[in-house]
Amino acid sequence: MSNIVTETWTTLRTMNKRQFLTQGVSLGLIVTSALIIWKTLMLGTGSESPVVVVLSGSMQPAFYRGDILFLYLGDAPIRMGEIVVFNVEGRDIPIVHRVIKVHERHKTGHVDILTKGDNNYGDDKVLYASGQEWLNRKHIMGRAVGYLPSVGMVTIVMNDYPYVKYLLICVLGILVVTSKE
Amino acid sequence: TQEVNKGDSAHIKRLLDEVAAEVVLESGYDEDHFVSNVKIVLGLITCILALVAHFYPEPFPANKDVVMLCVGGYFLTNTLLQVFVMIWEKEVIVFTQPKDNAPHGLTLSTNLPRFSDMYQITIATANNAKEQDPADQIVVEKSVTAWFHDDGYLAEEIFRKDVRNALKKYESMEAKKRK
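Which chain is which? The protein sequence lines are A and B, in order.
Residues -18 to 162, numbered by the working numbering, are exactly what the first sequence covers, in order.
Residues 2 to 180, numbered by the working numbering, are exactly what the second sequence covers, in order.
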């Protein structure tokens, strides 16, 4: 282990500016390609966050904490029974719950939506911003169209222990810059 | 000197490449940084496009056009970069400027196929105007076992001598052609 560390350190020190820059750009290309894939997914699904991790157990037994959800927005109207992901002003994490009431005004097309977590006792009115009684189309980020069980647990760990995330990124970064590819 | 794991083909090639490049650059040639510069510039532009797409100060649906432009631009410059590397760089590990009165610099390329032990050094004229003519190159091919001791240490002097000889053969061939 200490061998790898000293080897990495000597590589870093003996690199000249040009090599360092080239390796840095390679690292940048790898990171930005992941970013671009995310942006393309955003454009393709119409959703601000095309992939989300389920953070609470409020939708059990349909979804468990750590599941990954794939979202798609589309233009179709929001209907009862659909599982939607929505944002509430003042909260920075989106919520994944089921639509239980939809009121649509024929003339204006305005839609009021009420949601509730399958595993929760009451509906989501307590979760909405103060004074807000319904969700509207603009709050909805997308509908759940697919899921992967448990794979998102990694994100939850990294969120609960942020230093794990930073450590991981630093180590990966150093490894890439010093890899002699 | 350096030690390699005898089974690690990639490490062997990297080490030989490094030393071969040193030999060429120590023989009075200046490195030509054109390809390296283009790769860095194109790479930087590509990364910046992605960063703009991410950090543009409008929230999602509003910034859709900017994001689309950036994503499109990203694929474009990335493709440009790959094509450039494919056409210009190929297997070259060093490009040099012309030395003395030579009209062109040279390129040093190496090849070590996947499951083979035959390391091939090619010194050719860095002339992009015409297709690489076999008559314009010196190719030296030897098994890597000729340059490594049993315990994995590189017999550096032997390898350097081989590279220097290849270089001298190339230089005398070039000189003859100009007469």
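Treat the hints with care, since some could be wrong.
Claimed, not checked - Okay, derived cross-link-like pairs now, EDC-like style, lysine to aspartate or glutamate, Cα gap no bigger than 16 Å in a straight line:
no. : chain 1 : residue 1 : chain 2 : residue 2
1   : A       : Lys146    : A       : Asp56
2   : B       : Lys100    : B       : Glu157
3   : A       : Lys119    : A       : Glu29
4   : A       : Lys20     : B       : Glu172
5   : A       : Lys(-2)   : B       : Glu59
6   : B       : Lys65     : A       : Asp104
7   : B       : Lys14     : B       : Glu157
8   : A       : Lys20     : B       : Asp66
9   : B       : Lys177    : B       : Asp137
What the hints assert, rightly or not - So these bits of chain B aren't anywhere near chain A, every CB distance computed over 12 Å:
no. : residue
10  : Val24
11  : Lys40
12  : Leu43
13  : Asn64
14  : Phe116
15  : Pro135
16  : Ala156
17  : Lys178
These are computed hints drawn from the structure, not numbers from a lab.
Owing to the predicted nature of the structure, the values given are computational and were not obtained by experimental measurement.
Every residue gets a Cβ at the ideal spot worked out from N, C-alpha and C, and that includes glycine.
Verification of the supplied hints:
no.	hint	verdict
1	A:Lys146 <-> A:Asp56	36 Å, violated
2	B:Lys100 <-> B:Glu157	25 Å, violated
3	A:Lys119 <-> A:Glu29	11 Å, holds
4	A:Lys20 <-> B:Glu172	52 Å, violated
5	A:Lys(-2) <-> B:Glu59	36 Å, violated
6	B:Lys65 <-> A:Asp104	33 Å, violated
7	B:Lys14 <-> B:Glu157	14 Å, holds
8	A:Lys20 <-> B:Asp66	12 Å, holds
9	B:Lys177 <-> B:Asp137	11 Å, holds
10	Val24	18 Å, holds
11	Lys40	7 Å, violated
12	Leu43	9 Å, violated
13	Asn64	10 Å, violated
14	Phe116	19 Å, holds
15	Pro135	29 Å, holds
16	Ala156	21 Å, holds
17	Lys178	32 Å, holds
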